[in-house]
Each structure stands twice: as C-alpha cells, then as structure tokens.
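J.: Spelled out, the chains give:
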Amino acid sequence: MSYIRIIPSLLLKNNKLVKGKNFKNHKNAGHPKTTINSLSYQGADEISILNIDDNLKLNDQINLQSIESFSANSTVPLTFGGGINDIETATSIIKSGFEKIYISRGIFKNKNLIKNLVNNFGGQSIVGGINILKQNHKYIILNSKEENQDIINFIKFLEKQGLGEIKITFVDREGSKSGLDLDFCKLILKNTSLPCIFEGGIGNLNQIKDAIEIGVKAIGLGTLITYGDYNIIKIKSYLKNYNFNVRL
Amino acid sequence: MKIGILDYNVNNTHSVFSAVFNLGYDPILITSANEIKNVDKLIIPGIGNAFNSIKILKKKRYLDEIYEFTNFSRPILGICLGLQIFCKNLLEGGISYGIGFIDADVIKIEESNYFNIGWNKVIIENNSFFQNKEPKEKDYYFCHSYKLKFNSEHEKKYCYGYSTNKNIPSVIVKNNFLGCQFHPEKSQKEGNSLIKMFLEKY
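From first to last, the protein sequence lines are chains W and A. In case it helps, my numbering puts the first sequence at residues 88 to 335. In case it helps, my numbering puts the second sequence at residues 247 to 448.
Here chain W stands alone, though its shape is the one from the complex:
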C-alpha cells in the first residue's frame, strides 16, 4: 500500500511566495528557497509550486537559475505549474530538477498539449489541474470554454490523453478553512482510477482526517501550512494517531 500524501502547495509571484483567498488578494508569504527547504525537512511527501506571475518568462536564464535553486533545496519531489504552454518550456522546467509538471489553463488553450507532454515525459510526470467553482449549487470548471462541461467526461478525456494524475482545486473554498467538498471528492474518486490530489479549504486537522476517511489519498495544503501554526510533522503525527498510513 502507498502512503497518504501530504503536499504543501505554494504560490509564486515576483520570485516570492504569496497566499490569497478564492484565487485573489495575494499577500506575501515568504521566501521560496527557505520554505521549500524547511518543508522538505519536515517530511512533506511532495511540494507543489504554482507560478501565478503572468510576466515570468520560464525560458529566461535568470528565472531558470532561481527555479533550479528550488530543486537544489528540496529532498522531496517537486511539481511546477503555471505558464507552461509548450514542450520547450516543459523541458527547461524538468531539467531544472522538477519531477512533475502541472497543467491547468494550458489544457484549454491547446488540445494537444497534454498528449505531446505525455509522449515526451511520460504520463507519470504530468498532472492535470481542474479548478472547480461552485455557483448556485452547480459545479463549473474554471477556464473551460464549454459551458456546462460535464466534469466526469472531462476527466475521462484527460485519462485518454495518458496523463498520470489529477489535481482538483476548490476555488471558492481556497483560504476559507471550511474543508474540502467531500461529496465532490467522492464523486471523482468513484469515477477515476488515476491518483487524485484534492486542495482548497482545509483549515484544521480534523478536516484532513475526514477527507482520508472517505478515501482521499493525497491532499494539497496552502493556508494551513502558510499561515497556521501547523507544520508537516504535527499534521502527520496527528494522522498517525488515527492509524492512517503516513510516512513519518
């Protein structure tokens, strides 16, 4: 059996970490290198870094050097997302020492992107990101050009492209501390055999426990890690007490 994965999720803007609420109002949240270093020492299972800086040129030598310093400071696997729209950029990121690439908006911009990435790097290194917004009791996929796109059909489409992992982010819960949308998690878990990471809304340890109890195996944490007085060791010790299979 594999271990439950606890995955800190960091947002990068102007070479600094930031954190916001509902994808807005980003505030400074520290230095990426030192944060990555300490999270990996605490025993995070992976670390995910999302670049939300529209001006960041990923092929720029200076930026690549700064991204390389992230992997040099991490003893656990890293995922990079944001602004990857072609194979060249993806290649630079992977070579800089990242194990996985996260694609979200790019899926909609270029229908062949996922397939091309899979043919180059293998499905295991490609994470498909789906941002979910709940509006008037309906679930909407952010950035999707099709209105009323069926979420299960969309996941089947991603599976067919050969990618290895799916990450669901609950946009309206981000920073809210109201917990994951467990009914929605159940629906996803029932409909795909791919590994799924869920993120958005976790504000206390109890909510992590609830999620694992319904079958969630990988959890992304933003607010809890960035602003709370929790750290990975504390979170995992708590889960271990409930006899969950965590790596400690």
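Incorrect hints may have been included.
[As the list claims (entries may be wrong)] The calculated lysine-lysine pairs, modelled on DSSO-like cross-linking and capped at a C-alpha distance of 27 Å, are: (1) W:Lys-198 - A:Lys-382; (2) W:Lys-247 - W:Lys-202; (3) W:Lys-321 - W:Lys-108; (4) A:Lys-305 - W:Lys-327; (5) W:Lys-304 - A:Lys-382; (6) A:Lys-395 - A:Lys-382.
Hints were generated in silico from the structure; no laboratory data involved. Predicted model only: the values in this text are computed from it and were never measured.
Assemble the complex: chain W is given as a structure, and chain A must be docked to it using the hints.
T.: Same frame as chain W, but now just chain A:
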C-alpha cells in the same frame, strides 16, 4: 573520481546533480557521447517516455557508449527509466529496444490505467550491497506506470528488493550496475544513503 550525470534532455537532471553535489562531490553533466568513457562512475537519471527517450539516446549515440561502459564493468546507477533502458523490450509509447543487459521486459504495471505515484515501502531481500548495515525496510518515492518483468527465474536473482505496493522490482544489482525503480535523488535520507553508498563503496 570523476562522476558523470547523463543529460539526455528529458530528465530531472538538476535534482540528481544537486543530490550528488550536496553529498560533497563535484559531478559533471555529460552532453555528448564521447564524454562517457572519461568518467569513473555514471549516473543515468530517468523521467521520460521510454519510446521518446530511447530515440534520443540512440540519436546522441549514448546507447553504444553506455553498453561499452557496462562491458568495462564500470559502475552505473540507473534511476527509473535510467534502469529500464538496460532491459530488452520497452513497451511504453510503442515498442523500443533497450541495451539488453538485464533479461527483462518493461511492461505496464497493470493493464488498466495504473500509475504508481508516491512513497512506497521497499523490502530489501538481499542487503549485501548495503553492507548489511541498513534496515531491511525503506521508504522511497516512485513515479511510474511501467515496471520490469524478468524473462527468467535466473535473472530474478539480480533483484535485491521489491515494493510492498504491487510487488514491483525496485532494486537491481548486476555486476557493477545498480538500478532503482524509485527516485533516490528525491527520497530524503534513505535515498541519499543509497546514492552515497554507490559513490563511496560501489
């Protein structure tokens, strides 16, 4: 001692480089085939689609040089796909032919869409390459959907450890070749100790 890390364009090269560097070594990145014979130990990272990667390895004339390297019994560490290329037939992305040093094929873990992504426990059955000093159960990070399938019982003796998840061949030791299906460069202390062992004692 000169340590070379093979750069074949689709890998987390800098992760492997940092792991070796942080252990106090000064590795070099190999970017052309004729550099391979100048190093004492070779590390082959692995993230990539097998079909595409074998194509690149052939085009850059790396495969022949790596084969020569094993013939001279110089130590190689192959990571993930860097292990798989030493097998015979690789099925990912279409059939491609590896070096054939290990009598095994590389097949899907399961017929369905199964990806093994995350930390698994590995049971080390033969601890001799760790000089019997280390614990027999270790946690390593895996990220793959294809695995080794040995073609004979005889070849299985080179497999020193299996993962508890899906019983995946995880550590291969054959002559001076050390292969691991997981990523030691991203497996914290236990991964580090494996790399250190390869650099110091192998």
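J.: Would you mind marking each hint as holding or not holding in the structure?
T.: The hints, checked one at a time:
no.: 1; hint: W:Lys-198 - A:Lys-382; result: violated, 46 Å
no.: 2; hint: W:Lys-247 - W:Lys-202; result: holds, 9 Å
no.: 3; hint: W:Lys-321 - W:Lys-108; result: holds, 24 Å
no.: 4; hint: A:Lys-305 - W:Lys-327; result: violated, 49 Å
no.: 5; hint: W:Lys-304 - A:Lys-382; result: holds, 26 Å
no.: 6; hint: A:Lys-395 - A:Lys-382; result: holds, 23 Å
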